[in-house]
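Chains as they are written, first to last, in the working numbering: chain E, 1 to 234; chain L, 1 to 296.
Don't read these hints as lab results, they were simulated from the structure. Treat the hints with care, as some may be off.
[Unchecked claim] Which residues of chain L face chain E? A partial, calculated answer using Cβ under 7 Å: (1) 167; (2) 170; (3) 183; (4) 185; (5) 187; (6) 188; (7) 191; (8) 250; (9) 251; (10) 254; (11) 265; (12) 267.
Just so it is clear, CB atoms sit at the ideal spot from N, CA and C, and this is done for glycine as well.
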Amino acid sequence: MSVLSIENLSGGYGEADILHEVSLEIDTGEIVVVIGPNGAGKSTAMKAVFGLLRLSGGSVHLAGEDITNMDPAQVVNKGVCYVPQTNNVFPTLTVQENLEMGAYIRNDDFRPRLLEIYEMFPPLAEKKKQAAGELSGGQRQMVAMGKALMLEPTILMLDEPTAGLSPIYRNEIFQIIRQINASGVPILMVEQNAKQSLAVANRGYVLVDGRNRTTGKGIDLLNDPEIAKMFLGG
Amino acid sequence: MDFINFYLIPGIVLGSIYALGAIGVSLVFGILRFANFAHGELMLIGAYITYSLIQFTGLHPLVVLPIAMLFTSLVALGIDHSFYKPFRASKSTIVIVASFGIALMARSAVQIIWGVDQFSYSPGRIQMPMVFFDTLRISPKHIWIVSFTLVLMAITHVILSYTRAGKAMRAMSDSAELARLTGINTENVVKTTWVLGASLATAAGVFLGWDSHLHSMMGFYMLLPMFAAAILGGIGQPYGAMVGGLIVGLAEELSAYPWIGENPLLSPAYKAGVAFALMIIMLIWRPSGLFRGRVF
C-alpha cells in the first residue's frame, strides 16, 4: 500500500504550468529519490504536496486519503514533514526552540522524543542554546531534519538535504537518512547528488521538464548508461 | 539636581512609554510584515477606555488597566479581522495604506464618542513629589509608570522566550512560510501578536495620559517617536524596541538641557525633531538597527 501517491499532477506558481502530469509513489518503508536537471520541477513537485502550488490537475493521496490542495498546517497534522532546501530553520531561535517548534502540533509530552533527536544528532546536543542561524551548514541541516522528526512523521520529505555541504557532512547526512528510514519512516527526497542518493534509494524517479522521464530501482537507474550520461557525468 | 529632576527622570518616563509602544510596532512588523500606522490609535483607544472605566468605577488607572487592555485587544482583533485579514496575501504597501485609513477612522471614532476636549485621569488633584536628599524630587506616579513598564517588559520577555505562543511568534517573525510548513497555526500567532501589542499600547497610552493629559491627537503624536524607537532598536526585534524607546525618550528630554551656556541646547519645541533625526541617522549609519533587525 502506498504511503503517498501523486497522480498526474499538473500545476505551477503563475499562469504557466511547471509540472505536467507528474506521478510519484512512495511505499511503506521506502526511500524514493527524485533526480533530474535544474528546473525539472523536482522541488515544485514536493511543494505541490503541501498545497503551496496552484494545481490545474491531478491528485495527492496520503494513505488513501485525498489531501490535494490541503492547507500546509493540515498536511503537517496528517504526519507529512517537509524539510525545504533553504531557509529550513528559524535562525534567531535556539536549536532547542527550533526542535520545540517542530513539535508545535503535538499536545503530548515530547521530551523523550527530544532526547532521541539529540542522540541521533550529537552535535546539536552540545549547541542546544545556540541560535540556529549561527551554526554551520551541516549542523543547520541537522536542526532542520531534527525539527521535522520531532513529529515522528508518517513520511519525511527532504529537498536536497546535502546541497552545499562538505563531503564529510554529506556522508553523515546520507547515513542519518538511512538510519531514519531503518526506524520505519518512508522518505521522499529530491537530490542533485544523484550517484550517492540512488545508492541509498529503493527506487528513483527521473523528472525532465516537469514530466516523468523514467523510473526504476535505484541501482538500475545508477547502472543505466543513458541516465549516467545525462545526470551522473558519464 | 535640576538635571535629574527635570530632564533625566522625565526622559526615562517618556522613554518607558515609547518603549511599550515600540514593542508593539516591532512585533506587528516582524510577524505581519507591515508598518502599522494605526498603532498610536491603539494607545489612544486604550487611554480613553481607561478614562471611561475610571469615570464608571472611580478606581485608580492602574487598577482598571488590565480591563482596558482586554477591551483594546478586542478592538485590535476586530480591526484585524475586518480590515487586515482580507489583505493578508497582499503587498505590504497596501496594508500600510489600509492602516493609515484605520488610524483616521479610529481617531474620528474617539472624537465622536469622547469629544475633542482634553481630559485628565485625576482632575484638580496635584500629587506632591517625594523629596529625597533634600533636592531629588520624584513624583510617585513616575515611580509607578517606570516600575509598571519594567514589569510589563519582564512579562513580554517571559512570553516571548518561555511560552509556546511566544516562541511561535518569534518563529513566524523569522519565516512565515517555514512556520506554516512546520504546522504552526499562523492565524493564532497573528491574534496573539495583536493582543500583546494592543495591551502594551494601552499601557503606553494610559501612562502618557496619566503623566500629562488625554487628547484625541495623542496617538498620532506618538507615532514618530515609536517608529524611531523601533527602527533604532532594529525593526522586528522587540528587545531592540525596548532599548530604542528609552534612547529616544532620553534624547528628546536631554536635548533641551542647557549643556552649553544657560539656554536649552535645543528648544523643547524641537523635541519631535530629535526622534526624527535619530531615526534618519540610524537608517544611514546602520539600517538594521542596534539589534540587527530587518533591512528594507
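**Request:** Tell me if residue 265 (chain L) is really an interface residue toward chain E, meaning its C-beta lies closer than 7 Å to one of theirs.
**Result:** Violated, about 38 Å.
**Request:** Go through the hint on residue 250 (chain L) and say holds or violated, using the shortest Cβ distance to chain E against 7 Å.
**Result:** 27 Å, violated
**Prompt:** Holds or violated: residue 187 (chain L) as interface residue toward chain E, Cβ cutoff 7 Å?
**Reply:** For residue 187 (chain L), the interface hint is violated, since the closest Cβ of chain E sits about 9 Å away, which is over 7 Å.
**Message:** Min Cβ distance, residue 167 (chain L) to chain E: is it shorter than 7 Å?
**Reply:** 5 Å, holds
**Request:** Could you check if residue 185 (chain L) really has its C-beta closer than 7 Å to a C-beta on chain E?
**Result:** 6 Å, holds
**Request:** Identify whether the interface hint at residue 251 (chain L) stands, where standing means a beta carbon of chain E within less than 7 Å of its own.
**Result:** 27 Å, violated
**Prompt:** If you take the shortest Cβ to Cβ gap from residue 170 (chain L) to chain E, is it below 7 Å?
**Reply:** At about 6 Å, which falls below the 7 Å cut-off, the nearest Cβ of chain E leaves the hint on residue 170 (chain L) intact, so it holds.
**Hint check, residue 183 (chain L) versus chain E [nearest Cβ-Cβ separation less than 7 Å]** = At 3 Å from the nearest chain E Cβ, residue 183 (chain L) passes the 7 Å test, so the hint holds.
**Prompt:** Under the criterion of a CB-CB separation shorter than 7 Å, is residue 188 (chain L) in contact with chain E as hinted?
**Reply:** 10 Å, violated
**Message:** For the restraint on residue 254 (chain L), tell me whether the closest CB of chain E is nearer than 7 Å.
**Reply:** Status violated, d = 32 Å.
**Request:** Go through the hint on residue 267 (chain L) and say holds or violated, using the shortest Cβ distance to chain E against 7 Å.
**Result:** 41 Å, violated
**Prompt:** Holds or violated: is there a CB of chain E closer than 7 Å to the CB of residue 191 (chain L)?
**Reply:** Hint on residue 191 (chain L): violated, closest Cβ of chain E at ~15 Å, above 7 Å.
Hint check: violations occur at hints 5, 6, 7, 8, 9, 10, 11, 12; the rest are consistent with the structure.
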